[in-house]
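Protein sequences appear in the order of chains R and L.
When we follow the working numbering, the leftmost residue of the first sequence carries the number 1, and every step to the right adds one.
When we follow the working numbering, the leftmost residue of the second sequence carries the number 1001, and every step to the right adds one.
Please keep in mind that the hints were generated in silico from the structure rather than gathered at the bench.
Glycine residues also receive a C-beta, built at the ideal position from the N, C-alpha and C atoms.
Misleading hints may appear alongside valid ones.
Straight-line alpha carbon distances no greater than 25 Å define the calculated SDA-like cross-link-like pairs of lysine to any residue that follow [stated by the list, open to error]: (1) R/Lys183 with L/Gly1165; (2) R/Lys153 with R/Gly170; (3) R/Lys334 with L/Pro1299; (4) R/Lys153 with L/Cys1095; (5) R/Lys152 with L/Val1140.
Some residues of chain L that are not near chain R, with every Cβ distance over 12 Å (derived) [what the hints assert, rightly or not]: (6) Phe1038; (7) Glu1092; (8) Pro1112; (9) Gln1226; (10) Gly1227; (11) Gln1239; (12) Asp1285; (13) Glu1317.
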Amino acid sequence: MSGLTEIQSIPAQEYRKLGFEKERLVWMLRKMIEIRLFEEKVEELYLMRGLITGPAHLYFGEEAVAVGVLSALDPNDYIISGHRGHGHALAKEIPAELIMAELFGKSTGTCKGLGGSMHVGICLEKKSLFASAIVGSGIPIASGVGLALKYKKSDRVVAVFFGDGAANTGAFHEGINLAAIWKLPVIFVCENNKYAIGMRVENAVATNSIAVRATAYGIHGISVDGNDPVAVHKATKEAIKIARSGGGPTLMECKTYRQKGHGVYDKALYRPGEEVEEWLKKDPIVNFEKKLTTSRIVSEEEVKILRSEILSEIDEAVKFAQESSVLPFEESEKLVYA
Amino acid sequence: MREITYAEAIREALREEMIKDPNVILMGEDIAAYGGAFKVTDGFLEEFGPERVRDTPISEAAIVGAAIGASLMGLRPVAEIMYMDFLPICLEQICNQAAKMRFMSGGQLKVPIVIRTQYSLGRAHGAQHSQYIPSWLLQVAGVKVALPSTPYDAKGLLKTAMRDGNPVLYIESSLLYRVKGPVPEDEYTVPFGKTDVKKEGSHVTVVAISRMVREAVAAAEILKEQGIDTEVLDPRTIQPLDIETIVNSVKKTGRLAIAEDDSKTGGVGAEIAASIAERAIDYLDAPIVRVAAPDMPIPFSPSLEQEYMPNKEKIVEAVKSLVK
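Chain R extracted, bound-state conformation (with noise of 0.2 Å):
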């Protein structure tokens, strides 16, 4: 199926009718403010505390994506996370003290701290498959993933997310292409988050949309407010819909905003302030909280026990990570081959 929509933000007095319930859009909220308060605890460790080191690829400004496509997946449902991950491990329900304790290096963590930042989505129980640190290298084991799906006859859809950096790889275009023509139930999630690292998608993308590319391949396109949770889960569910009807992938463009540097230690000078500014307006937590307060679906005494429930799980991760063990060398060396 082929066609272009585009999905606005979506008023909170439309929500009944579209038939969100109380439970879900709390989900939703939750699990937005743990990605927020879990990456500001990843920054103060890297930054403050110097206790984790390597890359870590903050989320901030971009977590209605995650959460709105992984509230319309059925938990069954497989992902395909990439190097910027944290939010994607989180919404797909992994627990924070095994994603902690992968930041740390620890054994106990979701690869047993041989992945790291960039792999800690990887959680086969969760259904959670891989998470690829080369930029656009999941899109085609993606489409790899549905095509097992349409072999087994399984009415289960992958996603995949990447960046609009990952857009312009030769994976982008191969990966898409193949899942286009055998019409595999793979949802294309691209975050347009503007940059990729310090490039603009402006200087990297001839057209304004990404979405656009999805008439070339002869499939379906989505450009939809990735700050705005509600209008991604409309997106990801019309995107089901069509995988499940044989009809084959969408491309997803999310249009959001990276509100902090490529990894925790960028500044983002590059960027002019007035962008961020405009985006920290846009901020898509602030902006839900707002919706769902305001229209009384839950109080603002709620979202602060939210806050607090929250940040002791956060401490408690931190604890588990800090305390549990290193992985011994040999044990690593095991587990080259199967």
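Dock chain L against chain R, hints included.
For chain L alone, coordinates are given in the frame of chain R:
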């Protein structure tokens, strides 16, 4: 025992495994409707259907990437890369993804894929359709590399590869496709990491790989007439490499020549030579000699290509230099 060709042996292994295991699928360029660039999978589309025998676009990274993704879901894809020269286009997926997935996932993931490819050295295909580059994979922990030299090994090694839980590069020599050899009709496999002693001998050890095994065996015949008793070894897999058998042979003969189609610099032979220097230098009565390709692109002109290629005459010359 019946004799079949190397190509038929490969075909039999694929077909038998496909009949046995519905999780095996094939994918690659022109493998279905066209029957494979070398007709190895001719008729497979009709027998197994388009879901299991998939023609792909010219997208090597996606062929390997999709094979990896499908394998994570329990399928056992055999991906075909038509010429070994096309491996560099998908090395990213092989080296960064397939090879490291198990390790960097802390042992969660398993990537049971086979990448079948062939090299066409000796067929005047020029610099971009003749290359032989298995040594590139030697530094990539996490993949296995098999190089069959006979129809027997072609079938047995491919079956082992298809049942392995790791990514396996299975490298064929297209000059061997029509070579016939004994292959049992009964089920058998050839284990990885077990050097085959093609011929026992006492004066010199010749380690040969892939196409060069036949050349080495032929060289041994010539040398025999000249009174030199050559032992010929075929490691069959270079990852894992059974160096033990080579070490023991060198301890017996005291002389080592290594014959391969790889470039001399940094080839598999270089690795074997280094291991022997580490493990058995005190047993050597002569320097180790490598019969390999020169460090240059492969010339098209058939006569120049023949000059470029290692062969039995070059092996004879090298071995004679060791025993003079």
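For each hint, the structure was consulted:
| no. | hint | verdict |
| --- | --- | --- |
| 1 | R/Lys183 with L/Gly1165 | violated, 28 Å |
| 2 | R/Lys153 with R/Gly170 | violated, 29 Å |
| 3 | R/Lys334 with L/Pro1299 | violated, 43 Å |
| 4 | R/Lys153 with L/Cys1095 | violated, 30 Å |
| 5 | R/Lys152 with L/Val1140 | violated, 32 Å |
| 6 | Phe1038 | holds, 23 Å |
| 7 | Glu1092 | violated, 6 Å |
| 8 | Pro1112 | violated, 8 Å |
| 9 | Gln1226 | holds, 44 Å |
| 10 | Gly1227 | holds, 44 Å |
| 11 | Gln1239 | violated, 10 Å |
| 12 | Asp1285 | holds, 36 Å |
| 13 | Glu1317 | holds, 39 Å |
Going down the numbered hints, you'll see the structure goes against 1, 2, 3, 4, 5, 7, 8 and 11, while the others check out.
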